[in-house]
Amino acid sequence: MTDPNTLSPPSLETHVAQRDETFLDANELVINMGPQHPATHGVLRVILRLDGEKVLGLECVIGYLHRGVEKIAESRTYTMFNPYVDRMDYVAAVSNGLGYCETVEKLLSVEAPPRAQCIRVILTELNRIASHQLWLGTHALDIGAITPLFYTFRDREEILKIYEKYCGARLTTHAFRIGGLQYEAYEGFEKEVKNFVNFVKPKIDEYEELLTTNRIWLERTKGVGVISAKDAIALGVTGPVLRASGVKWDLRKAQPYANYKNFDFDIPTGENGDTYDRYIVRMAEFRQSLRIIEQAVDNIPEGPIMAKVPKVMKPPVGEIYHSIEAPKGELGYYIVSDGSTQPYRIRVRPPSLVNLQALDMMCRNQLVADVIAVIGTLDIVLGEVDR
Amino acid sequence: MPDETKSPAPPPPGDPKPGTDQPATPGGVKATPSGSVQSETKSTPEAPATAAPKPAAPAAATPAAEAKPATPPAAAKPAHPAPAKPAGPTPIPWDSPLVAKYKSKYGSGLNAFSFLGQNYLEVDRSLIPNILRLFRDDEQFDYCVDVTAVHYPKRERPFDVVWILYSFERNERLRVRTQIADGESIPSVVPIWATANWLEREVFDMFGIQFEGHPDMKRILLPDGWKGHPLRKDYGIIQQDNEWVQINLGIESGQ
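First to last, the sequence lines map onto chains A and B.
Just so you know, we're using the numbering used here here: the first sequence kicks off at 1 and counts up by one.
Just so you know, we're using the numbering used here here: the second sequence kicks off at 1 and counts up by one.
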């Protein structure tokens, strides 16, 4: 038997030993998972304490992708920092940009023109679909269903094509500017978005056909990683994970931003707070996003796409917090301005980081194989966890 | 207190700003049951109108004699914005049933402001665990959105610690802020909101602020042996722990 002390860096054992005197109980095994593990969706390291196949507890080690985004912000102007936010949750770059631009707009007391807001909503909801598609493909792949990955990536491609045509970039789009939009919607934008909606609607049914009543899928997800509404709130969990626990809360309805109040859509919720319910909630969110896009694309108002924003932005001294419903949960920006052209401090409230914190609780007394399912169902992006 | 209530009332809501951040919405999660809460949130957006021209805030401060004087944080705050930007909006006193309730309890240890329609409280460090616990238990602020800090190296007490709270019941946000000295610790709110665990660890990692009673106070994003706290203003943008890099990565410098 190898001495576990030689296997892991010193910080680990001291930590585990301090937390629990039963460390290295005859039945207990400490296993390291990641950071280079395909099912951790990036570079997440999880230290598992196991009794046989049962998880007694786990600890996440994060920071492998830390780039100091908040520090970088302090030496950039408000405009210069805008592209950086795309690199946090890189599969939902448009949402990140929306949150950042709206926060600075609030600080400057300007509002994007209606046309810009409408195009923003379309692009952001497309991004929610793209993000959920990526989640579904990888989550199903982790659990053992390989096919959905090909389906979802094939269809996500259509969204990326729209982005590419709109702003030239597919992933880190930098689509929005403080005060509105840089680019007017291209020729045929509405038509392509409508085509996409019609194209993807049956595809979502197709995904559901593969999984929703699939017996293996049910066995792997039902009752796995349960989190109650009370615990979810205490742990600050937001987004689909919170809604799957039965809390009907969505920032687009609770504190509407952009022009979401003009659209008619529902907030899907679950009951059991397990992995299956989170899957069902996200599947329903696909359809709600499509509903919003359909309404928006038919009614894009005419007019300017950029509000009057000074070239050199000097927001008033003060601080502001604004958050949006990103695909993964509440994405907030807390900006402190000292009246100069550079932000004094930008704090990003990342949904992935806070949601990941629930992993320990959700995995306790589950099987080790279910840890993979729970990491997948939390829909984390390590770029956002570590920033 | 009554003077404070009057002062935001008279000016007409003609200023264009107030509409920008209106958190109260009828389409919220749950219908907010208490009418008082709604009226409170509504009173906020009107408030910035008073502040649009700078003089309004001092004018309001003079009649409210007992509220203003003996509060160092309050004195420090307006001193900040005043010289820099006379044109822009400035924080104005915020009045609401919640503020009145806690003001009567804690007196000058607590000051309430509103900036661009967002409300925040500046509280004395000594109130910290208790007042936050009361906010959760009595005022339904059951969701701690974020815990963060800001460094002002030139100030006597250079750190602001900020808690951003949200209440599902009232659909309302509240920021609580306190100032602490360098090297001073602050009680952890993990017993109140479990979510603060990692958030406080990140504040420790980035600013070096210790949270008393935190179950596992150690670095979260940077490696355990790292020296320095990057989000302090005296930590340079390209600065790093060269020793750590040399030992662990086997290179001279990451730059």
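Check the hints yourself; a few may be wrong.
With the Cβ distance kept under 8 angstroms, some of the chain A side facing chain B (calculated, not the full set) [what the hints assert, rightly or not]:
no.	residue
1	Val-30
2	Thr-77
3	Pro-113
4	Arg-115
5	Ile-233
6	Ala-234
7	Gly-246
8	Trp-249
9	Gln-255
10	Gln-295
11	Asn-299
12	Gly-318
13	Ile-320
14	Arg-345
15	Arg-349
16	Ala-369
Within a straight-line C-alpha distance of at most 25 angstroms, the following computed BS3-like cross-link-like pairs (lysine-lysine) qualify [said to hold, decoys possible]:
no.	chain 1	residue 1	chain 2	residue 2
17	B	Lys-154	A	Lys-314
18	A	Lys-71	B	Lys-233
19	B	Lys-227	A	Lys-71
Rather than coming from a laboratory, the hints here were simulated on the basis of the structure.
Note that the structure is predicted; figures quoted are calculated from it, not measured.
We put the CB at the ideal spot given by N, CA and C, even for glycine.
Fill in: Hints violated by the structure (numbers, ascending)
Result: hints 1, 2, 3, 4, 7, 10, 11, 16 break, sorted rising.
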